[in-house]
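Spelled out, the chains give:
There are 2 protein chains.
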Amino acid sequence: MTIRVPIVENILNANDHLAEQNRGRIDSAGVFSINIMASPGAGKTSLIEQTLPRLKDKLRVAVVDGDIATSIDADRAANAGAQAAIQVNTGGDCHLDAVMLRGALEQLDLTQFDLLIVENVGNLVCPASFKLGTHKSILIASIPEGDDKPYKYPGMYRGVDALVINKIDLLPYVPFKMDYFKHGVEVLNPGVLTFPLSAKTGEGMDAWVDWLIGQVKAM
Amino acid sequence: MTIRVPIVENILNANDHLAEQNRGRIDSAGVFSINIMASPGAGKTSLIEQTLPRLKDKLRVAVVDGDIATSIDADRAANAGAQAAIQVNTGGDCHLDAVMLRGALEQLDLTQFDLLIVENVGNLVCPASFKLGTHKSILIASIPEGDDKPYKYPGMYRGVDALVINKIDLLPYVPFKMDYFKHGVEVLNPGVLTFPLSAKTGEGMDAWVDWLIGQVKAM
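Protein chains in written order, with my numbering: chain A, 16 to 234; chain B, 16 to 234.
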């Protein structure tokens, strides 16, 4: 295993350098950008689908969708009203990296947008190690995943700027102790901004959308 | 990126070699072994918790639990009746590998068991690439993850011997088109053995447990 450590460190250093370049490009265009991460099926695409119509006529949004395979997510984002939606297939990799985002940014005239939403590959481990250059990292937890996820995936919960707790409409049907979950979050990431919501019913969506609009205005 | 390919191939070749050694050790002891993989929160530990009491006085079971951090899962397996439960913390890695399983096997007298259950790290990408040496690979899909997962994680769905579809009790509360899901599975893994069940309500558990017992008897 020892031989892997310097190789991995070099890859991560190179990635961080490219992430800084991505940030420079995004900042120059005056765009606010987020990197949405989550377990498979926590609702990244559903959240984006429900967010976009609420931003209509307010913000011009570009979405970059990362996936192992298929363009299902970019198609959904485009149908939901994204002014641009680019699919990045990672070819097997369990995360987006800064090179992949750079490739996507080169296909966009960033000055035409106010908000850039990057949807990462569904994974609670790999994406935490690879900075992309976005302004804020968002993690979506979902109620049916269970209340122990902060304890089991601390690297992911520690590194994010905001936490969306999705599928709160399922709380009556699954065992989920909110206090236990929130305690785990608080230990790893004290005071992290939290948005409990249901992308399905719309409950809680306003607070999330208002925060996004506020961040764009503050750029 | 080019430099990464041979390195990754070498690691995978070395892993496969160790996986064969693990299989030899497991076969010599006459134990039937499974590698359970799934997205975080699909219900790997819950399925094991509900399976163990049903095997009581029938099979002697050892559980090896892989996780990034914590020993929550091994504790749950031990409480549910596993004769031995070993936690392997991967130290950040998004999957178990054959070296990690070998380390766990060295702590067990395999001749004392009939069934070895390996619970992999919650991830739909990384574990698919790393053989462990177990007899069968089991994937747990869960209803609230959504019906598009076979399309988005083809590597995982293609490589498994059986598919558990967990949380069928949530079908009335979430959008999930079973036909669309099953079509995706069938394209990738024609005729794969499927167990729709709810670890929560117990529905469908008998078929799963009967299959496990049958596999052990056939050893």
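Calculated from the structure, these hints are not laboratory results. These figures come from a predicted structure and were not determined experimentally. Backbone N, C-alpha and C define an ideal beta-carbon position, used for all residues, glycine too. Certain hints may be false.
[What the hints assert, rightly or not] So the derived label-pair ranges between C-beta atoms look like this:
hint, chain 1, residue 1, chain 2, residue 2, range
1, A, W226, B, Y195, 41 to 49 angstroms
2, B, T216, A, G39, 41 to 49 angstroms
3, A, D194, B, E121, 52 to 60 angstroms
4, A, H198, B, G217, 49 to 57 angstroms
5, A, Q36, B, A222, 47 to 55 angstroms
6, B, Y195, A, K151, 45 to 53 angstroms
7, B, Q98, A, H198, 29 to 37 angstroms
8, B, H150, A, G118, 46 to 54 angstroms
9, B, I87, A, I26, 38 to 46 angstroms
10, A, G118, B, D221, 45 to 53 angstroms
[Stated by the list, open to error] Restricting the straight-line Cα-Cα distance to at most 25 angstroms, the calculated cross-link-like pairs of lysine-lysine (PhoX-like) are:
hint, chain 1, residue 1, chain 2, residue 2
11, B, K232, B, K192
12, A, K215, B, K232
13, A, K215, B, K192
14, A, K192, B, K215
15, A, K215, B, K71
16, B, K71, B, K232
17, A, K215, A, K73
18, B, K73, B, K197
19, A, K197, B, K215
Kindly indicate which numbered hints from before are broken by the structure, ordering the numbers from low to high.
1, 2, 3, 4, 6, 8, 9, 11, 12, 15 and 18
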